[in-house]
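Undergrad: Got chain A sorted already, so can you dock chain B onto it with the hints?
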Amino acid sequence: MSRLRPDLAVIARHVAPGSRVLDVGCGDGELMAALQGEKQVDARGMEIDPEEVERAVGRGLSVVQGDADRDLADYPDGAFDYAILSQTLQTAERPDLMLGELLRIGRKAFVSFPNFAHWRMRASLLWNGRMPVTRHLPVSWYETQNIHHVTVTDFRQLLADKGVAIERSWFFSGEREIGAAGANWRAEYAVYLLSR
Amino acid sequence: MWLPPHPRRPMATVLASTSSSLVLDQPLPLDSGQSLADVTVAYETYGELDADKANAILVFHALTGDQHVASPHPITGKPGWWDRMIGPGKPIDTGRFHVICANVIGGCMGSTGPASAAADGKPAAMRFPVITIRDMVRAQVALLDALGIDRLHAVVGGSMGGMQALSFAANFPARAARVLAIAATARHSAQNIAFHEVGRQAIMADPNWRGGDYYGAGKGPEKGLAVARMAAHITYLSEAGLTEKFGRRLQDRDAKSFGFDADFQVESYLRHQGIAFTDRFDANSYLYITRAMDYFDLAEEHGGRLADAFAGATARFCVVSFDTDWLYPTAESRAVVHALNAAAAPVSFVELKAPHGHDSFLLEVPALDRVVRGFLG
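Chain order of the listed sequences is A and B.
So the first sequence is numbered by the numbering used here: it starts at 31 and just counts up by one.
So the second sequence is numbered by the numbering used here: it starts at 1026 and just counts up by one.
Excised from the complex, chain A in its bound form (with noise of 0.2 Å):
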């Protein structure tokens, strides 16, 4: 799993061996590959590039093509052990209302999402006052597809008032994998493990 991105290498890591996954948002099907082939989980994906739904299905894998605004609703409640979804959440028409969906068709959910107050977004929009363009977020304004901007204290307080548990998370800078301690300015993303 060396070769995955950090955060789907933090998810494919933290996933229970033999369980039942939806990865929304799977792209071509990389981290379900690495799942299926490493951990024996049964990997079902949604994707909404008709491109990437081939290339997945062309390597075997179950992904259905679909928008996660809307058809996460064809999932039955409880139908999977964990719901994923990575750096897709800010795309979200109503990312509270997806949140709702991850954990009403998964037990646990896996989110990663950009972090907005990354000290180097804050410096950007301070001194230049012009919307970042970072390495990790390299589109400009008119054409981002992030619609909804978040940060690591912002989600918190969303899984707070809707009353959804943390479990474990994790933050990065680059590659490299940092502590808790002042996430909000330091991590460029964020990993989530929440629960009902």
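Worth flagging that the hints you see were computed from the coordinates, not collected in a lab.
It is possible that some hints are incorrect.
To be verified - If you anchor each label on the Cβ, the simulated ranges turn out as follows: (1) R152/A with G1328/B: 56 to 66 Å; (2) E68/A with G1272/B: 52 to 62 Å; (3) V1048/B with H44/A: 57 to 67 Å; (4) G67/A with D1056/B: 42 to 52 Å.
Keep in mind that this is a model prediction, so the values were computed, not measured.
Here a beta-carbon is modelled for each residue, glycine too, at the ideal position from N, C-alpha and C.
TA: Frame of chain A, contents of chain B only:
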């Protein structure tokens, strides 16, 4: 004298195939409550069957298809209808898989249908019982039984073939490891039924139909059947596809004739499609098979809830739709995927971009080839 199309051995096949037919030793029970005795199932096979009989793929044909899936058609001499998909090194690789394709019952290419003799030795015609998609599937499962194949590597079908694949999965869940349904639906809509009714009425309005008793009468309802085919053919193509292919271009003339000849290329094309179809298809078979499709409602067969149809599913599923297919649009495939998700069955679904409408499943769509190859593993 009109004779039902009679299958002949292909002369030279590119792909080695074996034409066979089997007479079922048990009467076939039908959804209507009737049963059919001495049912013949005509089928073609391609590729070697492994010693453990685990590499077989059953391909279901569509409304006007037949068992000649990858070998030349015995009447028209044209390549098999899925020649581009099936063969050595092709997405359904006959170097690895043993491919079986059987003519559906009700058909006219060697399997028992309305042109077959009834007990009195005369063609059954409209005495042939109304059959369903599930009846077609039952006949093919009986074929698998006779061949000693317990569990298929996959069942595969497009359009009505996809309907059979879904019916197979619902009714014989243990007998296939993979189910691939392309451009299909779990039920015929009012619009689907309406188009079929136009076709049937065209056949029945032809005076040569004679209540179905045209066998041996000199002439069959070719005009009616041709009109049925013309109407149906339009539903297989996209509006953009028709526009691109024909536009308003005139056929072999510089100006409109101010008459009712085939002025437009599209008219000429449809007329040709209609007439050519009558050379290879029996009008009564068209009535019976379209009826079976109209009766198809997989949820209705399972207490009204489609997910229950797949409750016992053990297979992996792959559902494919095309963005320009307005006959069985993507929403129909999504309903199947929804039900499979509700039944916790492993399912893949993709809507592919293709310009050709419903017929895309038969035509050059490289993305379909990749999905089929990948799904079959």
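Undergrad: Hint by hint, where does the structure go against what was stated? Just the numbers, ascending.
TA: Hint check: nothing fails, all pass.
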